[in-house]
Structure formats: C-alpha cells, structure tokens
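Enquirer: As a plain string of letters, each chain reads:
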Amino acid sequence: GEDVEQSLFLSVREGDSSVINCTYTDSSSTYLYWYKQEPGAGLQLLTYIFSNMDMKQDQRLTVLLNKKDKHLSLRIADTQTGDSAIYFCAEGGGRDDKIIFGKGTRLHILP
Amino acid sequence: DTGVSQDPRHKITKRGQNVTFRCDPISEHNRLYWYRQTLGQGPEFLTYFQNEAQLEKSRLLSDRFSAERPKGSFSTLEIQRTEQGDSAMYLCASSVEEGPGGYTFGSGTRLTVV
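Just so you know, the sequences run in chain order A and B.
Numbering-wise, this note's numbering puts 2 at position 2 of the first sequence, and it's gapless, one number per residue.
Plus 111 on top of the position in the second sequence (first one is 1) and you've got this note's numbering.
I should point out that these hints are in silico values taken from the structure, not numbers from a laboratory.
Don't take every hint at face value.
[Unchecked claim] Quick list of the computed label-pair ranges, beta carbon to beta carbon:
id, chain 1, residue 1, chain 2, residue 2, range
1, A, 9, B, 184, 34 to 44 Å
2, A, 69, B, 128, 40 to 50 Å
3, A, 21, B, 161, 27 to 37 Å
4, A, 59, B, 125, 15 to 25 Å
[Unchecked claim] A few chain A positions that, by computed beta-carbon distances, are all more than 12 Å from chain B:
id, residue
5, 47
6, 57
7, 84
8, 97
9, 109
For clarity, every value in this text was computed on a predicted model and none was experimentally measured.
Note that CB positions come from ideal geometry on N, CA and C, so glycine has one too.
Only chain B is shown next, with the shape it has when bound in the complex:
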C-alpha cells in the first residue's frame, strides 16, 4: 500500500468554476477525513466518513461543498462556484475505526482560485 493518495496535487481555477478533488485512502482504513489548511493555520476539520456513511460535517462546509465516498473506498470533494476564500490546501486522511494510531495524511491538494 502506498499510503493516502490525493489528486491533483495542485489546481488553479477561475472564480466561479467548480472543482473536484479525489482521495484514495489506505485500503484497510474504514474512516476517511477531509481537512482544510490555510497559510499559518493548522488543519481544520471539514467532514468524515465511516465506510460510505458521512457521519459529520463542519460548519465550515458550506452548501457549495459536497463530499462523497460512494463505495466506502475513495472519496471526492467538490467545490461549486469557487471563491477566492476557498484557496487552501485540502488534506485527506484515513484511519482505522478504533485505536490510537491517529490519521495517515495524504500530501494534499493545493487549490488556488484566481
């Protein structure tokens, strides 16, 4: 297993466009998390899945954001009508359900909205 993979690594988009990011977690991990990180800040929780069920969404996740994990494996995060304030690093992480192991993070997708 190569760890958590995120695609693309970088995305530049014009304001108002829609973007979609993909995350492939570690195969035996049933939990998948999305975080957002802006410059000088720590990762901020957006949402998480246990298998295919989305169990929690942050207030940060406006109605322009939607996340799916249709088969309990990879996940997508879509941002509609992007705004400049959406520019950030979007991090995906996965974990097993129980235990102290923490999360394994991917390298992130850096979004720049121009």
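So that you can see chain A by itself, here it is in the shape it has in the complex:
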C-alpha cells in the first residue's frame, strides 16, 4: 500500500540550512507536498511539487524530487526560530484522490 517515510527529529542551529528527507511508495503520485504544523495548530501547506519536476524554489524553501528513487527533500535556508515545527511530507493525486502523510519530522532550532 501507499506509505510515506521520514525521519522523526532534526536539530539545526539558527542560521544554518535544514534538510528534511522523505521517501514515498506510490509511483503514480501526481503531487508531492510539504506541510507545516505548529503546536496546537492545524496543518499549513508550505509548498508542493508536480511529479514531473526535479526542483522547486520558493524564497527560503527548496524542494528536490528524485522520482526514480521516490525521494523528496525540503531545504530551509537560514533557519529561524519561527521554523520550529513539525514538517509533514505527503503524496497525492495518485491511484487515490486522497493525500497520504508521513509521520512528520520535528525540527528543533538550536540557539
């Protein structure tokens, strides 16, 4: 079945780049997503990439997609304390209409 895997924790010093990695299984996924969840809040769509793209850049965010290896990454440049949150990788638009989420990576910012 569909599955999305990501590491659970990442610690990064303020000002450094954060790279969050994800693997997925549904090769028919049309879109790959990154969502952000802050404490006590719902999920906020950060960015998405169409499956026929390799890279997408949006201000401090860079998404890389390796479709052959089904590997997705999110790079946050110049990480700030406000970036502290849980980041969910998700796939969608494949065999099903629903979006499948990973378990989330908790990003901790060190001073």
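Chain B: place on chain A using the hints.
Expert: Chain B only, in chain A's frame:
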C-alpha cells in the same frame, strides 16, 4: 472566507457516550476530508466527500463512526459509543476537485475520552 472551521475545538467525553463534530469548509471547495491524528503520528485518512457524496471510507472508520455532508456544504462526524482509543485530533480539510493546491486544513477538534 475565514478558511476551514471546526467545532468544537476541544471535547472531553466519558467512554460510551456519543459525540458529534462539525466542519465548515471553504465555500467554493467541493471536496471535504476527515483525518485523524494521534500523538507522534501524521494525519490518517478517514473519509472524504465530493459535494454531498461520500466517495471513500478508510478501514479505520469502524461502524461506530459515521460522516455526513447532507447539502454539500458543512459536514458532521459522529462517533458512537466512544472508546479511549478514539482520543485523537480530528482534522477536517477541504479542496477544489482538480489541481495541485493541496488541502486547506481546519485547526481540528481534540477529543479526549475518559
């Protein structure tokens, strides 16, 4: 439009009681989704509607769970005879039918069964 609204934000109930949650999606979104999120996990799909039609239900949705979207606008999720294992955050999201925009999520209803 104020986004996706969920009510209540928090619900504490005794085991065995029935609870009902409401979701008001973004008005021009014809798709509505329910997810459940437990601590340390990502959101798990429960069910979704296109307009008033319920198109898919997860195996997670036991017969104690029922969802409706009678007029294709707001939706309700009812849990009958609640169990402690039902304690979770119940998230509602909406989207347009086509396109890459992903979902817009509400802030969720946190259910605690005691």
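Enquirer: Beyond 12 Å on every Cβ pair: is that true for residue 109/A relative to chain B?
Expert: Non-interface label on residue 109/A holds, nearest chain B Cβ at 20 Å vs cutoff 12 Å.
Enquirer: Return holds or violated for the Cβ distance of residue 69/A and residue 128/B against the range 40 to 50 Å.
Expert: Hint holds: Cβ distance 48 Å, inside 40 to 50 Å.
Enquirer: If you check the beta carbons of residue 9/A and residue 184/B, does the distance land in 34 to 44 Å?
Expert: 40 Å, holds
Enquirer: Beyond 12 Å from every Cβ of chain B: is that where the Cβ of residue 57/A lies?
Expert: Holds, since 16 Å exceeds 12 Å.
Enquirer: Verify that the Cβ of residue 47/A lies farther than 12 Å from every Cβ atom of chain B, and report whether the claim holds or is violated.
Expert: 9 Å, violated
Enquirer: Beyond 12 Å from every Cβ of chain B: is that where the Cβ of residue 97/A lies?
Expert: 7 Å, violated
Enquirer: CB of residue 59/A to CB of residue 125/B, is that within 15 to 25 Å?
Expert: Given range 15 to 25 Å: violated, Cβ gap about 48 Å.
Enquirer: Take the C-beta atom of residue 21/A and the C-beta atom of residue 161/B, compute their distance, and say whether it sits inside 27 to 37 Å.
Expert: Holds, at about 33 Å.
Enquirer: Taking the closest pair, is the beta carbon of residue 84/A still more than 12 Å from chain B?
Expert: Holds: least Cβ distance 17 Å, greater than 12 Å.
When the structure is compared with the earlier hints, violations turn up for hints 4, 5 and 8 and for no others.
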